[in-house]
Amino acid sequence: MRPVATANAQSEPQFAAMVDALAADLDRRDRLMDLLREDHPVYDQRGAAAIVRMRGWLLVALARAGVSDAALIFVLEELDTGVDAYLVAAAARALRSYPNPTENLAPFVMRALTQIRYRDEPVSFERYGDYAVSSAGTSPVRELLATLAWLGPRARGVLPELEALRAQGSGLAKKFRIDIDRALHAIRRADQVDEPATGSCCAPPAGLGDTVSRPLDSRGGVETIESLVFEDHRGDRIAFKEFFRGQPSIVVFFYTRCDNPMKCSLTVTKLARMQKLLEAQGLSDRIHTAAISYDPAFDLPERLRVYGQDRGVVMNAHHRLLRATGGMDALCAHFGLGVNFIESLVNRHRIEAYILDAEGRIAVSFERIHWDEQQVVSRAIEVLEERGSCGGTRAQGAD
Amino acid sequence: MARKRRAAKRPRGATKTPTAVKRSARAALSVATSGRRPVRKRVAAMAQAPLAVCESDKDLQAMLNVLRNEDEPVKVRLAALQSLGAAAFSVIAFESCRGDYLAALRKVATDPNPELPQRVLGLLMREKDGFAQRKLLEGLKNPDKALVPPEKALQLLSYDVHAEAYAAARAIVGKPPNPDARREALRLLAADATAAPLFEKLLRDKKELREIRQISASALHALKPDRLQQVAREIVLDKSDYDDIKATSLMALATFGDDKALANDTVLLNSVDRFGAGKAPSKYKQGARRFLRKYGR
Chain A
104 MRPVATANAQ SEPQFAAMVD ALAADLDRRD RLMDLLREDH PVYDQRGAAA IVRMRGWLLV
164 ALARAGVSDA ALIFVLEELD TGVDAYLVAA AARALRSYPN PTENLAPFVM RALTQIRYRD
224 EPVSFERYGD YAVSSAGTSP VRELLATLAW LGPRARGVLP ELEALRAQGS GLAKKFRIDI
284 DRALHAIRRA DQVDEPATGS CCAPPAGLGD TVSRPLDSRG GVETIESLVF EDHRGDRIAF
344 KEFFRGQPSI VVFFYTRCDN PMKCSLTVTK LARMQKLLEA QGLSDRIHTA AISYDPAFDL
404 PERLRVYGQD RGVVMNAHHR LLRATGGMDA LCAHFGLGVN FIESLVNRHR IEAYILDAEG
464 RIAVSFERIH WDEQQVVSRA IEVLEERGSC GGTRAQGAD
Chain B
71 MARKRRAAKR PRGATKTPTA VKRSARAALS VATSGRRPVR KRVAAMAQAP LAVCESDKDL
131 QAMLNVLRNE DEPVKVRLAA LQSLGAAAFS VIAFESCRGD YLAALRKVAT DPNPELPQRV
191 LGLLMREKDG FAQRKLLEGL KNPDKALVPP EKALQLLSYD VHAEAYAAAR AIVGKPPNPD
251 ARREALRLLA ADATAAPLFE KLLRDKKELR EIRQISASAL HALKPDRLQQ VAREIVLDKS
311 DYDDIKATSL MALATFGDDK ALANDTVLLN SVDRFGAGKA PSKYKQGARR FLRKYGR
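From first to last, the protein sequence lines stand for chains A and B. Using my numbering, the first residue of the first sequence is number 104, and each one after it goes up by one. Using my numbering, the first residue of the second sequence is number 71, and each one after it goes up by one.
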């Protein structure tokens with residue numbers, strides 16, 4: 104059940120006015136972050152382009168109001184997986200309002216720059232819903248370069264990449280030379296070095312809530328979905344409890360019509376890599392993997408099979424691509440999926456992966472930021488061993 | 071003199087060096103963007119210009135000025151658009167020009183000359199551009215604001231499955247402004263997972279246009295392949311349905327059906343037998359014979 108059924112009745116101009124009012128109100132600014140959740144009812148039944156305008160405006164508002172520690176994940180998510188010029192530009196601008204910059208932020212900015220440079224286009228933040236019809240204003244590349252300049256010496260870790268971008272023949276427009284030079288100058292500045300560049304290349308800043316572990320005693324039950332029936336890539340039907348109970352599982356969510364290569368396609372490709380890591384450790388039979396579609400009405404077995412096959416996914420009795428045959432709302436609620444819809448079609452989603460324990464309960468979740476396959480597999484092994492160390496949780500469990 | 075000798079030594083048909091090609095493209099661009107040259111020559115030069123379009127900001131701006139300038143002959147502007155489109159095809163080489171190009175396209179999308187918006191909106195929709203999407207949807211909801219005819223708007227919106235076009239398409243199917251718009255609306259809805267019942271109804275409707283029934287068969291296959299198999303079987307068994315629709319149904323069964331079940335479906339095979347021996351045109355009878363051969367008759 105969607106929490107607020109009336110929220111989607113709001114027009115886009117009304118939404119923009121509400122965002123502006125929240126950004127201007129010190130006591131209510133925190134609500135801006137709430138509006139960035141993909142499953143917020145305000146996005147229900149909107150087209151993908153409308154959602155880009157709305158989320159972009161939210162990020163622009165955050166740029167004015169200041170990005171809090173809690174909101175940082177949403178900004179980094181856009182830099183990490185975003186391919187829309189407006190959203191990436193807005194995220195880059197918003198990041199500059201974060202009060203505690205660290206060197207860990209620089210790789211996100213540089214990665215976004217590498218990804219968006221071939222999709223660069225003029226954007227306008229003047230008014231809600233504006234589309235630039237002249238190239239005089241800003242663009243994601245320009246905003247990202249400004250953010251690297253803002254990071255200054257903290258972006259030293261990405262200096263070689265930026266220098267390569269400055270080199271002749273890199274393809275970047277000459278009009279960005281001034282912006283690159285400004286960023287390079289700021290990064291090379293020695294007088295502001297106040298912390299060593301020790302951060303890992305891809306790790307989010309410490310304390311960022313992209314991974315959530317749930318101790319054994321705090322894991323929720325699966326009553327609402329245990330009877331939910333899935334159809335797999337071969338058309339075979341299997342209930343949640345049949346597939347996900349008895350051993351830990353790694354679960355990712357995706358849909359075949361996703362047009363962001365940094366999201367579903369990469370997620371399923373990473374699942375294939377995780378399967379190889381499990382295979383290498385002889386754990387293919389002891390840890391299941393599943394990719395579940397957000398778009399079950401369209402993702403029929405044949406589409407699932409071809410999508411998985413094209414990305415190297417091993418598909419057999421222990422490793423399946425699944426679509427729910429009903430109960431999609433229950434599935435969304437159980438996992439707290441970061442997804443919203445226009446009719447049956449996904450209009451926005453985050454990336455998300457879960458490790459389920461042998462009871463099918465969520466033990467670990469990875470959200471928004473790209474996860475490292477080895478890390479996910481290691482955590483899955485911990486969950487497998489956790490069961491063993493308890494002498495077999497399921498065997499001795501209450502049921 | 072020495073240059074002449076070198077040129078003479080080059081075998082006939084040999085390709086130009088990259089430098090020579092670029093030099094020639096720049097010369098063409100100079101002709102193409104010159105308002106003093108005749109239209110015919112400018113249009114011809116535009117075809118040679120793509121390689122030079124993104125070589126310098128000055129050249130790019132000259133080309134974009136031609137595209138944007140409402141006082142330029144429309145033939146030249148269309149040729150400029152084509153030349154820019156050809157240059158944009160090389161994503162990496164065009165990287166530095168993309169921003170200006172897209173901004174110019176958005177500007178021209180509302181040009182008073184109707185041919186330009188249609189082409190430009192097509193280019194923008196291939197980029198899944200939100201601006202173009204909004205203009206097209208506005209035009210469908212309010213025909214007074216439409217930049218292109220409804221059937222074209224629907225066709226362009228179908229380039230992006232995430233455009234919020236299903237509701238508009240359904241409204242057009244319900245109350246079509248013309249038959250072409252209805253057809254394009256149905257094509258667009260072929261990606262809407264909830265539209266299977268509509269397509270089943272249209273496929274079964276013998277009063278419906280053949281083209282619409284064929285679109286419906288294709289859509290039903292994409293959305294509910296099992297359902298198409300059932301309906302196709304019923305159509306083949308229906309003595310009163312049209313030969314071409316029966317042939318389409320037979321093809322769907324033979325290509326996507328369950329071979330084992332079809333080989334054992336005596337009622338169906340007998341019906342196909344009769345169809346093959348009846349008065350249907352020979353091309354349809356051939357299809358029936360192929361079907362029977364495949365399933366052991």
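Take the hints with a grain of salt, since some may be wrong.
Stated by the list, open to error - Far from chain B by the CB rule (all over 10 Å, computed), these chain A residues:
1. A151
2. R156
3. D320
4. D362
5. A383
6. G385
7. E405
8. I445
9. L448
10. L487
11. E489
Stated by the list, open to error - Straight-line Cα separation of at most 30 Å, BS3-like style, residue types lysine-lysine; simulated pairs:
12. B:K198 with B:K294
13. A:K278 with B:K128
14. A:K277 with B:K198
15. B:K92 with B:K222
16. B:K215 with B:K294
17. B:K276 with B:K215
18. B:K215 with B:K245
19. A:K344 with B:K349
20. A:K277 with B:K86
21. A:K373 with B:K198
22. B:K355 with B:K277
23. B:K271 with B:K211
24. B:K145 with B:K222
25. B:K211 with B:K198
26. B:K294 with B:K276
27. B:K277 with B:K309
28. A:K278 with B:K177
29. A:K278 with B:K245
30. A:K277 with B:K215
31. B:K330 with B:K364
32. B:K330 with B:K309
33. B:K92 with A:K278
34. B:K355 with B:K330
35. B:K271 with B:K294
36. A:K277 with B:K271
37. B:K128 with A:K277
38. B:K330 with B:K353
39. B:K198 with B:K276
40. B:K349 with B:K330
None of these hints come from the bench; they were simulated from the model. Note that the structure is predicted; figures quoted are calculated from it, not measured. All C-beta atoms, glycine included, are put in the ideal place defined by N, C-alpha and C.
For each hint, the structure was consulted:
1. A151: violated (4 Å)
2. R156: Not fine: 7 Å to the nearest Cβ puts R156 (chain A) too close to chain B.
3. D320: The claim holds: D320 (chain A) sits with its nearest Cβ about 41 Å from chain B, beyond 10 Å.
4. D362: D362 (chain A) not clear of chain B: closest Cβ-Cβ about 7 Å, inside 10 Å.
5. A383: Per Cβ check, A383 (chain A) is outside 10 Å of chain B; nearest 36 Å; holds.
6. G385: holds (38 Å)
7. E405: E405 (chain A) is in fact no farther than 10 Å from some Cβ atom of chain B, at 8 Å.
8. I445: Per Cβ check, I445 (chain A) is inside 10 Å of chain B; nearest 6 Å; violated.
9. L448: violated (7 Å)
10. L487: Non-interface label stands for L487 (chain A): nearest chain B Cβ at 37 Å, farther than 10 Å.
11. E489: holds (39 Å)
12. B:K198 with B:K294: Measuring from Cα to Cα gives roughly 27 Å; hence the hint holds.
13. A:K278 with B:K128: Roughly 12 Å separates the two Cα atoms, so the pair holds.
14. A:K277 with B:K198: Holds. K277 (chain A) to K198 (chain B) sits at ~26 Å (cutoff 30 Å).
15. B:K92 with B:K222: Violated: K92 (chain B) and K222 (chain B) sit about 37 Å apart, past 30 Å.
16. B:K215 with B:K294: Since the Cα atoms of K215 (chain B) and K294 (chain B) sit roughly 37 Å apart, the hinted pair is violated (cutoff 30 Å).
17. B:K276 with B:K215: violated (37 Å)
18. B:K215 with B:K245: The hint holds at about 19 Å.
19. A:K344 with B:K349: violated (57 Å)
20. A:K277 with B:K86: holds (28 Å)
21. A:K373 with B:K198: Given pair K373 (chain A), K198 (chain B) holds - Cα atoms ~26 Å apart, limit 30 Å.
22. B:K355 with B:K277: Judged against 30 Å, a Cα distance of about 23 Å means the pair holds.
23. B:K271 with B:K211: Judged against 30 Å, a Cα distance of about 26 Å means the pair holds.
24. B:K145 with B:K222: Roughly 21 Å separates the two Cα atoms, so the pair holds.
25. B:K211 with B:K198: holds (20 Å)
26. B:K294 with B:K276: holds (20 Å)
27. B:K277 with B:K309: holds (15 Å)
28. A:K278 with B:K177: holds (21 Å)
29. A:K278 with B:K245: violated (50 Å)
30. A:K277 with B:K215: violated (38 Å)
31. B:K330 with B:K364: OK: K330 (chain B) and K364 (chain B) at ~11 Å, within 30 Å.
32. B:K330 with B:K309: holds (24 Å)
33. B:K92 with A:K278: holds (22 Å)
34. B:K355 with B:K330: Within the cut-off at roughly 23 Å; holds.
35. B:K271 with B:K294: holds (13 Å)
36. A:K277 with B:K271: Judged against 30 Å, a Cα distance of about 58 Å means the pair is violated.
37. B:K128 with A:K277: With Cα atoms ~12 Å apart, K128 (chain B) and K277 (chain A) stay inside 30 Å; holds.
38. B:K330 with B:K353: Judged against 30 Å, a Cα distance of about 26 Å means the pair holds.
39. B:K198 with B:K276: Cα-Cα ~37 Å, so violated.
40. B:K349 with B:K330: holds (29 Å)
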